[in-house]
Amino acid sequence: MLTHKHLLGLENYPSKDIQAIIDTAFQFREVLDRPIKKVPSLQGVTIVNLFFENSTRTRISFELAQKRLSADTVNFSASSSSLKKGESFKDTAQNIEAMKIDAVVMRHPAPGAPLHLTQFIDAVVINAGDGTHEHPTQAILDMMSLQEKFGKLAGLKIAIVGDILHSRVALSNIHGLQSMGAEVTLCGPTNLIPSFVEDLGVTVNSNLDEVMEWADALNVLRIQRERMGSALLPSVREYRSLFGITEERLANHKKEIVIMHPGPMNRGVEIDSQVADGGQAIILDQVLNGVASRMAILYLLCGEKPEDGNA
Amino acid sequence: MNQKQLLDEKRLGQTIIRLSHEIIEKNTTPGDIALIGIHRRGVPLAKRIQNQLKSIAQIDVPLGTVDITFHRDDFRERLVMPQIKGTEIPFSLDGKIVILIDDVLFTGRTIRAAMDVLNAFGRAASIQLAVLVDRGHREMPIRADFVGKNIPTHEGEHVSVLIQEVDKKDAVILTWDGE
Amino acid sequence: MNIKTLPQKVLLEGGKIYNPVSNKLEKGNLFIVNGKIASEDKSQTFDAQAIDCKGKIVTHGFCDIHVHFREPGREDKETLETGALAALAGGFTRVCVMPNTNPPLDTPESIRFIIEKGESVPVHIHPIGAITRQQAGKDITEMGLMKNEGAVAFSDDGLPVQDGSVMRRALEYGSMFDIPIINHAEDKCMREDGVMNEGPMSTRLGLSGNPTIAESSMVHRDLALGEMTGGRVHVPHVSTAQAADHIKEMKKTNNKVTAEVAPHHIYFNEAAIEHFDTNLKVAPPIRSEFDRKALIEAVKKGVFDCIATDHAPHTIEEKEASFDLAAFGMIGLESCFGAVNKVLVKENGLALSTLIQMLTINPRRIMGFESDLFQTGIQAEIVVLDPDEEWLFSKTNIHSRSKNSPFINETLIGRPVITISKNKIINNE
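Chains as they are written, first to last, in this note's numbering: chain A, 1 to 311; chain B, 1001 to 1179; chain C, 2001 to 2429.
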């Protein structure tokens, strides 16, 4: 149904497939409003959530999506895994494959790990974040939230604000938004913007106020507190004054800018509580849309007729 | 491909009126009735029955729609992108007499899936089934409470219900392969 | 590939003999008696075993001054014996092995170990000693004693000598022995945790980048130190346009400077890493197309003295890891000539004679080896080349114990057909 068997990233991912996922996700939003929030679509489908890195939010979102589709799920996390016993990635992958599963949702710190996984197993692979490479399901839920708010994606002006260099969210959002016809500007400390990123067709501007004048929506990224006081960032107060989405700053801009955040937030650093909880924020819609869009992705990818012998 | 029209616009309209009368006759507490149309053609049919109930018995009954895509048992065998129209039941089904409405009753699988959807919206007092055409060949123990027209079909025959709101005309047409 | 002892008398006939010393290409025969070059004398050659070299080029055996044969310590990756087979398959008769073994070659005893062990293998093996003890970048090694045991150069290859003052002292001390000091030039602070070239591709793949300046700034430092100390700086595996520029400039005033380029840096660019192929993970990294083109131009302008493969075997396990964790390095001996001949000669118009010089007399001169190999009485080190054969490089062409080559499934042009080394003859067909 979708062009690709796996969802590894949004680079070169067909826009019609992104749109199909978003459209289907809106239908699942209705299921989430039902008194009984469960459909039998993936009955008998077995999915492994393979998390080599902690990510409570993404994992819970995927788990809920799977349960609401009636899939059977198993969680495998690095802390309890055999990886620590020195088992190789390949062995882990092949062991999981031998257990006859239909799909793997994987979070891994290494860029390219999901592609690597597809070389070892036949199951559908869904990337739940590979290092600082891609996090396609996050970008899809972000785009779904934007479409919900604006009714469209084409022509929107979206700014991604913060630590782009260490983000897994930025690249997928750039690829996805561009293929859907939106414009993207990156805004953050110049040393936290990846070099050569303009090659991807985005604009870079480190003046947040200029960017806010331009943008329809800001996708505010988490800034790791560990990076403060290092060679990268001098202090919280400096970051806040240059790149923090504060109540005052927001008030200075007349137009209604939509505020997004992939979570978890550092309130008082990259975003003020008043902004995060205010009327312009759609941060909790993003969470809800996260479940709906992951349901859509699982439904469309795991719905393929299983090959003989693997039913 | 051969075809034969079984119901024209007028006869189809009369059938809907008759179905509406039967629904009122059978249910002594018409105030508890709720109509649920199954996408696609069950939805305009349900809307027409809703209008009939208003003009015949002066009762306003709530109307909902179900899309059974997420509940289909053959989803994994289909290789095309599903066309999802959405389920919309903006009221609780608790204690309601639910009249499920579809255009054609055939294998019964659609009805089974639709009842599955309804379960997520509350515990109905009863679920009854109204269809415009019953063409036989059931694969599940399901029967209709209200039938517009029984059309026993053979293999290779197909029944098409055309509804103004979807197809720009009202008609029931039988088509079959060969001479 | 089969290896045989050389018959007592062999006549390589009908080919073109290329002598890189005189830079002459002539039709002719080459006569070898008891493994040594002999003058062609009709009274002698009538009972010699003739080898038809029609359409081929007969020249000096190649010399690679930068290989890793992993012995001692990682014999699961390569040994002097298996490395020698890889060398012969690539037309190489003489190699210099890097000291980043376990333990490293940082004592006269370990140098002697390689010399003794290397005697029995069918190519000439010369050890390069470590610059610093344990390659730790701090205390310099017993260079004098190591040279006496057979060390031909010094390098901490794999690890840069990060501390400029240590590099200065090593060059000053090494200048007593007139021996090349080879620094793996990558500023560790600038490289950080970079696993590929910093550029559009690293940004797209989310992999941490290693900027070109990490190499060029350290090359610049080393060249300046060479000038200051009078030591002999040899720059290995140059990967960037800037470093090549620095070398070009310095060569104008300092004739002691030498430099090498590796086949993979002129063959691939970073776009090849698009699918996270760990066989392309190497240090210094595969660079941009801009750098690749600049390196080719630098070869044509004579900036690089020689080609060196940086043959670096790794086990499947170490290469099957995710890209950020996989080991750095690729093997390169077997694919070398087909790759550089394709890129430099066939695609970019370099004279084949220049390329052969970069594989024969130039590296030998850097290391102080005998380079005039067609003299009568010299033990034969010969390669017979088919410079025009197009062939698909595959796993079966690999004789190294490890198979970590990104050249697998690449179509190469030009092939070493016969290699003669240490009284052995290797037929590659």
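The hints are simulated quantities; they were obtained by calculation from the structure and are not laboratory data.
Please note that a few of the clues may not be correct.
Here's a subset of chain A near chain C, in silico, CB distances under 7 angstroms, partners left out [to be verified]:
hint : residue
1    : L115
2    : Q119
3    : F196
4    : N252
5    : H253
No more than 35 angstroms apart at the CA atoms, straight line, and that leaves these computed lysine-lysine pairs for DSBU-like [to be verified]:
hint : chain 1 : residue 1 : chain 2 : residue 2
6    : C       : K2252     : C       : K2319
7    : B       : K1026     : A       : K152
8    : C       : K2147     : A       : K90
9    : C       : K2319     : C       : K2024
10   : C       : K2036     : C       : K2117
11   : C       : K2036     : C       : K2054
12   : A       : K90       : C       : K2403
13   : A       : K90       : A       : K67
14   : C       : K2256     : A       : K5
15   : C       : K2300     : C       : K2248
16   : A       : K100      : C       : K2395
17   : C       : K2054     : C       : K2147
18   : A       : K152      : B       : K1054
19   : A       : K37       : B       : K1047
20   : C       : K2054     : C       : K2138
21   : A       : K157      : B       : K1085
22   : B       : K1169     : A       : K90
23   : B       : K1004     : A       : K16
24   : C       : K2319     : C       : K2016
25   : C       : K2188     : C       : K2024
26   : A       : K149      : B       : K1085
27   : C       : K2248     : A       : K100
28   : B       : K1169     : A       : K16
29   : B       : K1010     : A       : K37
30   : A       : K67       : A       : K255
31   : A       : K16       : B       : K1054
32   : A       : K38       : B       : K1004
33   : C       : K2256     : C       : K2395
34   : A       : K254      : B       : K1168
35   : A       : K100      : B       : K1169
36   : B       : K1169     : A       : K5
37   : B       : K1004     : A       : K37
38   : B       : K1026     : A       : K37
39   : C       : K2293     : A       : K100
40   : A       : K149      : B       : K1010
Nothing here was measured: the structure is a model prediction, and the numbers come from that model.
Just so you know, even glycine gets a beta-carbon here, dropped at the ideal spot from N, CA and C.
Quick rundown of the hints versus the structure:
Hint status for L115/A relative to chain C: holds, with the closest Cβ pair at about 6 angstroms, below 7 angstroms. The interface hint given for Q119/A is broken, as the beta carbon of that residue sits about 9 angstroms from the closest beta carbon of chain C, more than 7 angstroms. A least Cβ separation of about 4 angstroms between F196/A and chain C falls short of the 7 angstroms threshold, and the interface hint therefore holds. Taken as an interface hint, N252/A does not check out: its beta carbon lies about 32 angstroms from the nearest beta carbon of chain C, beyond 7 angstroms.
Evaluation of the H253/A hint against chain C yields a violated restraint, the C-beta minimum of about 30 angstroms exceeding 7 angstroms. Taking the CA atoms of K2252/C and K2319/C, the gap is about 41 angstroms. The hint is violated against a cut of 35 angstroms. Taking the CA atoms of K1026/B and K152/A, the gap is near 48 angstroms; set against the 35 angstroms cutoff, the hint is violated. Restraint check: the Cα-Cα separation between K2147/C and K90/A comes to about 45 angstroms, which exceeds 35 angstroms; the hinted pair is violated.
A threshold of 35 angstroms between alpha carbons decides the hint, and for K2319/C with K2024/C the separation of about 44 angstroms lies outside it, so the pair is violated. Note on K2036/C and K2117/C: the hinted pairing holds, with a Cα-Cα distance of about 23 angstroms set against a maximum of 35 angstroms. The suggested pairing of K2036/C with K2054/C holds, with an alpha-carbon distance near 22 angstroms, which does not exceed 35 angstroms. For the proposed pair K90/A and K2403/C, the alpha carbon gap of about 18 angstroms is at most 35 angstroms, so the pair holds.
Annotation: proposed proximity of K90/A to K67/A holds, straight-line Cα distance about 28 angstroms (limit 35 angstroms). Restraint check for K2256/C and K5/A: the C-alpha separation of about 58 angstroms exceeds 35 angstroms, so the hint is violated. Of the supplied pair hints, the one linking K2300/C and K2248/C holds, its CA atoms being roughly 12 angstroms apart against a limit of 35 angstroms. Distance hint between K100/A and K2395/C is fulfilled; the C-alpha atoms sit about 32 angstroms from each other, no more than 35 angstroms.
In summary, the hint linking K2054/C to K2147/C is not supported, as the alpha carbons are separated by about 42 angstroms, beyond the 35 angstroms threshold. Note on K152/A and K1054/B: the hinted pairing is violated, with a Cα-Cα distance of about 39 angstroms set against a maximum of 35 angstroms. Among the hinted pairs, K37/A with K1047/B is consistent with the structure: their alpha-carbon atoms are about 27 angstroms apart, no more than 35 angstroms. Under the criterion of a C-alpha separation no larger than 35 angstroms, the hint pairing K2054/C with K2138/C is inconsistent with the structure, at around 55 angstroms.
Annotation: proposed proximity of K157/A to K1085/B holds, straight-line Cα distance about 30 angstroms (limit 35 angstroms). Of the supplied pair hints, the one linking K1169/B and K90/A is violated, its CA atoms being roughly 60 angstroms apart against a limit of 35 angstroms. Note on K1004/B and K16/A: the hinted pairing is violated, with a Cα-Cα distance of about 39 angstroms set against a maximum of 35 angstroms. Between K2319/C and K2016/C, the direct Cα distance comes to roughly 41 angstroms. Violation of the 35 angstroms bound is thereby established for this hinted pair.
A threshold of 35 angstroms between alpha carbons decides the hint, and for K2188/C with K2024/C the separation of about 45 angstroms lies outside it, so the pair is violated. Taking the CA atoms of K149/A and K1085/B, the gap is about 21 angstroms. The hint holds against a cut of 35 angstroms. For the given pair, K2248/C sits about 60 angstroms from K100/A by alpha-carbon distance, which is inconsistent with the 35 angstroms threshold. As the CA atoms of K1169/B and K16/A are separated by approximately 32 angstroms, the hinted pair is consistent with the 35 angstroms bound.
For the proposed pair K1010/B and K37/A, the alpha carbon gap of about 42 angstroms is over 35 angstroms, so the pair is violated. Between the alpha carbons of K67/A and K255/A the distance comes to roughly 40 angstroms, so the proposed pair goes past 35 angstroms and is violated. A distance of roughly 43 angstroms separates the Cα atoms of K16/A and K1054/B; the hinted pair therefore is violated under the 35 angstroms criterion. Proposed proximity of K38/A and K1004/B is contradicted: the alpha carbons are some 42 angstroms apart, above 35 angstroms.
Between K2256/C and K2395/C the alpha-carbon distance is near 39 angstroms, which puts this suggested pair outside the 35 angstroms criterion. Taking the CA atoms of K254/A and K1168/B, the gap is near 48 angstroms; set against the 35 angstroms cutoff, the hint is violated. This hinted pair does not check out: K100/A and K1169/B have alpha carbons roughly 50 angstroms apart, beyond 35 angstroms. Of the supplied pair hints, the one linking K1169/B and K5/A is violated, its CA atoms being roughly 41 angstroms apart against a limit of 35 angstroms.
Between K1004/B and K37/A the CA atoms are separated by roughly 44 angstroms; this puts the pair beyond 35 angstroms, and the hint is violated. Using a Cα cut-off of 35 angstroms, the hinted pair K1026/B and K37/A holds, with the two alpha carbons roughly 33 angstroms apart. For the given pair, K2293/C sits about 49 angstroms from K100/A by alpha-carbon distance, which is inconsistent with the 35 angstroms threshold. Restraint check: the Cα-Cα separation between K149/A and K1010/B comes to about 45 angstroms, which exceeds 35 angstroms; the hinted pair is violated.
Violated hints, in rising order: 2, 4, 5, 6, 7, 8, 9, 14, 17, 18, 20, 22, 23, 24, 25, 27, 29, 30, 31, 32, 33, 34, 35, 36, 37, 39, 40; the structure is consistent with all others.
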